[in-house]
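Undergrad: Sequence:
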Amino acid sequence: MSATQGAAFRAAVTATGFVLDVPVIGPAEAAERAIASWQDGAELRLLPDGRWLFVLAAPVEIRADRAPGLPVVRTDRGAQAAVGADTRTAAAGEFAVATGGVTVVHRIAALPELDPAGWLDLSGITLHRPRPAGATEHEAEPVVEALPQRPEPDLRATAGIAPRSERARRLTEDAPAGPRRRAAPFAGRFRPASVPGPWALAAAVLVALPLLLLAAQGALHGGALLLPLAAGLLAVLRKRAGGAVPGPDGSGGGAEAGTATPAPEEHGRSRRRARRPLFDALLARLAMRTAGPLIQGRHARYLRELTRAFEQRRWEDALRDAIRLTGDRSAEQKSWLSLGLPHRYEGALRPTPRTGGSGAASPLSGRTVHEHLAALYQRAAEDLERAGRIDEAAFVLADLRDAPAEAVALLVRHRRTAQAAELAEGRDLGADLVVRLWWQAGERERAVRTAYRRAAFAPAVERLAADDPASARELRVAWAAHRRESGDRLGAAEVLWADASLRPSAVGDLRDAVALGGPTRSRALPYLLALGAGESTRALALAVLDGDGHPAATGRSALAAALAELPAADPAQDRELATAAARAVVRDGGFGGTLGDRDAGARHQRLLKRADPLVAADLARPSRAAPAAHLHAYTAADRAGTLPVLDAALLGSGAVLVACGQAGVRLLTADGRTKARWDVPADQLVLADHGGVAMLVAGYGQVREVFRLDLATRSVRRWTTLRSRQIVPSFDGRHLITADDDGITVLDTLAPRPTVVWRELGGGERLVGRLARTPAGCTGVVVSPLPDGTQVVELWCWDLPGWELRSRLRPDAFSPGRSAALAAGSLLVADPQPADGSPDRTVLHWTGESPLARPGARPGIEGVAPHGPIVDGDHWTLAVPGPDGTGALLHTGAGAGSAPTATVFFPQADTQAPGLRRHADAVTHWHRSGRVLATTPDGATLLANLRVTVG
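First residue of the sequence shown: 34, per the numbering used here; consecutive thereafter.
Hints may contain errors.
As the list claims (entries may be wrong) - What follows is a set of in silico ranges between Cβ atoms, one per label pair, in the way DEER data are often shown:
#	residue 1	residue 2	range
1	H900	V825	21 to 27 Å
2	R631	D501	33 to 39 Å
3	A576	R631	26 to 32 Å
Since the hints were made in silico from the structure, they are not lab data. For each residue, glycine too, the CB sits at the ideal point set by N, CA and C.
Produce the entire structure from the sequences given, and follow the hints as far as they go.
TA: And the structure:
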């Protein structure tokens with residue numbers, strides 16, 4: 034190198050680009066240098082020898098020895114040349130660079146272009162879409178309907194069986210239209226069915242009662258002529274009064290003119306019971322006095338012909354004319370009379386989604402005929418199976434014999450798994466059987482969806498393991514993936530742990546669970562220690578056991594209980610941890626009250642056996658202190674915060690998640706210091722039951738923008754924009770419950786677009802107030818229309834996750850705005866005007882599925898509550914003005930019929946803006962003025978008391 038060339042590397046140059054020596058410094062370092070010097074309009078191109086040509090959009094003055102790479106300058110001829118290259122060899126649009134002492138010229142446009150966008154990790158950045166200024170209406174995304182469809186297999190069509198013959202139709206034309214279903218006993222609480230009007234009922238009594246009395250006394254000689262007239266008049270009156278003959282499923286049929294046909298049941302909604310006809314028994318008793326021999330003869334002739342066809346194995350005629358039997362009626366079901374044969378299933382004779390009630394049996398045939406037909410059908414199914422006519426055999430068992438479980442077993446024996454799964458699900462057989470069959474049929478996604486909806490993962494895996502261990506392991510992995518996708522890392526690890534071969538794959542889930550802190554961390558640590566985790570995991574477990582704070586909130590009790598069941602892999606570590614856990618149990622007086630006395634004693638003994646013998650000998654037995662019976666009183670911070678609080682919750686880690694409206698979301702320590710913040714507007718938090726995920730909701734009128742926050746990784750991403758009146762403040766990590774004018778909607782939050790997986794209510798039913806939810810159930814007040822134009826108010830209770838309607842209660846008292854439903858199935862009404870007339874007391878009225886323990890006692894609170902109760906799950910609070918007339922005093926309790934267990938006072942605050950949250954073994958009270966206070970669920974221990982401020 035000449036002296037002139039050496040000086041060029043030390044001088045300041047006007048660089049139009051740089052050559053980055055990637056083979057020497059590496060791609061990561063080269064990318065970092067390019068990004069640090071990037072300009073809008075810059076280019077990055079790949080040279081043949083692996084180096085990068087970084088062309089700037091505008092020249093920069095820089096010293097050559099401080100440049101990110103070899104400087105590139107512009108020559109007099111308009112070319113680009115790296116320092117040290119011969120500038121005379123390149124023309125405009127070309128680039129000259131020295132390689133191995135020789136100048137090589139490249140045409141810049143011909144060099145491959147590199148895209149640096151792939152180097153950027155945007156997962157931790159929140160995307161904000163600019164919106165016009167002013168009150169512009171937000172656009173809600175369209176909703177995808179994906180309601181589960183109930184299979185309705187048509188075994189008659191599959192078997193190729195033609196419709197019944199004309200002769201059989203004539204012989205059975207007087208058969209009733211369908212089985213009678215016993216309506217749910219309303220008992221003053223359930224919604225009543227349609228009933229005849231008063232004039233129709235009076236006319237029916239005037240006509241039927243005298244005829245019945247005369248016939249019973251033998252004084253009516255012309256009964257054969259008069260009784261049909263009476264029966265016809267009664268039928269007309271029934272139709273005019275709104276009654277309808279039940280159809281094959283027990284619903285009203287529409288075969289006759291003037292009879293209303295009800296709309297078919299929608300998939301994804303709760304099933305309702307049909308009403309029982311009012312006058313069929315009376316008509317049967319009247320007609321039996323005169324028409325018995327005629328009816329009996331027709332029945333006998335039909336049975337003889339049907340039996341002959343089956344015995345002669347004329348399957349075409351026999352199966353065409355056979356009628357469907359139903360199971361024996363339950364002991365408490367009344368035996369209503371009918372004039373017809375056992376119910377013939379009209380239409381396509383396919384397995385119905387709902388199992389029928391007891392069949393309509395004639396008093397002239399009785400149980401003997403039923404048993405005769407059942408034996409006839411059973412023999413026919415066996416003969417058809419031996420002949421290889423599997424479809425017809427399944428039809429006989431499922432539709433004629435009313436034994437769908439036997440039909441499923443037959444199909445499985447002959448390797449027709451998909452058909453068996455469809456029949457099992459359509460007939461509501463065991464959920465574990467349905468899941469196992471769908472999984473074996475290759476319908477994996479449908480099997481997982483069914484297992485979740487019917488809470489059947491565990492029994493399905495156990496049932497599948499007996500037949501196919503490999504498939505059972507695959508189903509277990511899918512179960513764990515379902516929990517992992519919902520944010521339940523600990524749940525996914527626990528599912529995998531049951532199979533020893535899958536335990537190593539749970540390490541990632543366990544480490545994410547440890548990152549959540551609190552009881553979740555404590556339950557995950559023993560699994561890692563059992564897998565041989567290192568020194569850092571042992572030190573963390575010891576720190577939890579030796580720490581201070583509430584044993585349940587810090588997770589100390591959960592860690593001690595888990596260590597008693599799961600020893601560490603290293604014997605020395607296990608002895609040290611067992612000793613520390615035994616000490617913690619004695620210090621805390623047990624395992625935090627989460628275990629029964631016998632279980633707690635057994636676990637403590639297991640810890641002592643593995644602990645240091647000298648320490649174990651000196652430890653006393655744990656004694657749990659009796660809970661305090663007095664009312665716990667707390668006072669929040671005396672000054673308002675500088676940021677508004679629109680929602681808040683104490684997490685399992687001990688941190689407090691706060692929604693501050695347009696100021697974003699913050700994660701605070703128990704004393705108010707900021708641990709993390711997200712610049713995402715939110716005025717509502719929807720927390721997953723397992724604590725790993727939170728949905729951040731920002732409301733703009735009826736439109737809500739929703740983000741998903743992963744609390745383990747602290748990453749946030751936008752999900753969708755919804756149009757909804759209310760969103761339930763908790764969910765299972767996947768399915769979000771919303772409510773609007775159309776009823777209740779359940780959305781899948783893991784779908785790229787809002788997808789409906791379940792709907793409730795409809796047909797004029799309307800939700801009043803807010804829904805209350807726990808992982809096990811959901812409750813709400815529903816107003817339903819009646820046929821006479823009036824409305825009935827009921828408390829509807831569902832079991833989750835399958836949305837089975839458990840009860841519909843008519844509340845003793847209901848006042849819109851002053852009532853709130855509790856998830857366990859009760860309604861709380863706050864009455865500021867008690868019976869004794871005292872103006873300074875609010876009485877609490879309860880309506881529930883079970884009677885109160887003290888029916889004569891009505892708990893109340895001092896002061897007049899200007900607003901109704903606030904409820905989250907089964908916890909409630911009621912705000913009244915403070916003792917001196919200023920501030921807000923919150924009275925908090927749990928469950929139906931309970932008196933308040935704690936009070937929280939917010940000084941210098943109004944009673945219109947408080948809130949309540951029950952999550953992670955804590956009850957959080959918050960006020961819009963920027964103050965948050967959290968206690969244990971029983972109110973005995975203060976967990977957090979803070980102000981939310983900027984900074």
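Undergrad: Of the numbered hints stated earlier in the document, which are not met by this structure?
TA: none
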